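First residue of the sequence shown: 58, per the working numbering; consecutive thereafter.
Hints are computed from structural coordinates only; laboratory data are not their basis. Values in this document were obtained by computation on a predicted structure and should not be read as measured data. Be careful, since some hints might not be right.
List time: in silico SDA-like cross-link candidates among lysine to any residue, alpha-carbon distance up to 25 angstroms [claimed, not checked]:
1. Lys167 / Leu74
2. Lys112 / Arg93
3. Lys139 / Ala166
4. Lys167 / Arg143
5. Lys108 / Glu118
Pairwise CB distance ranges (calculated) [said to hold, decoys possible]:
6. Thr85 / Ala126: 37 to 45 angstroms
7. Lys122 / Glu148: 18 to 26 angstroms
8. Lys108 / Thr83: 18 to 26 angstroms
9. Asp117 / Lys154: 15 to 23 angstroms
10. Asn75 / Lys122: 24 to 32 angstroms
Beta carbons: idealized from backbone N, C-alpha and C, even for Gly.
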Amino acid sequence: TDKSLKESTENEKEILLNLSHPFLLTMTYLIENEKRYYFFLEYIEGGNMYKTMEKIKRFDEDSVKFYAAQLALGLAYLHDNKLIHRDLKLENVLMDKNGYIKLCDFGLAKLLGCT
C-alpha cells in the first residue's frame, strides 16, 4: 500500500542519515519534496553477492571467512544501534571492486523497542 511504502521509505531515510559504518551503504545526498525522496547513494561497482555467486558458483573458504567477518561487523553495528535489518539476503549485500561488502536496503529494518 502507499502508506506502507511511505513508512518504509521514511524508515530507510532515517537509517541512512543517522548511521555510518564501513560495511553499510552510505547516503551521500538527499533531496526531498512534497511527493518524493531522492536518495543519492555511494556507487558500489561490484554488484551484489547474488550476482557474484551466479558467476563464480562457489566461494573458497578464505573468501567465506572474509565476507562472514564483514557481515558480522556490519550486523553488530546495527544491533548496537538497536536496529534489526529484517531483509538480509544475497541481493542486499553489495560488493565493491576490492571484495568488501556493503549492507543495503534498510526499508524493512526495525528499531528495537518500537512497535
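Output the numbers, in ascending order, of every earlier hint that fails for this structure.
2 and 6
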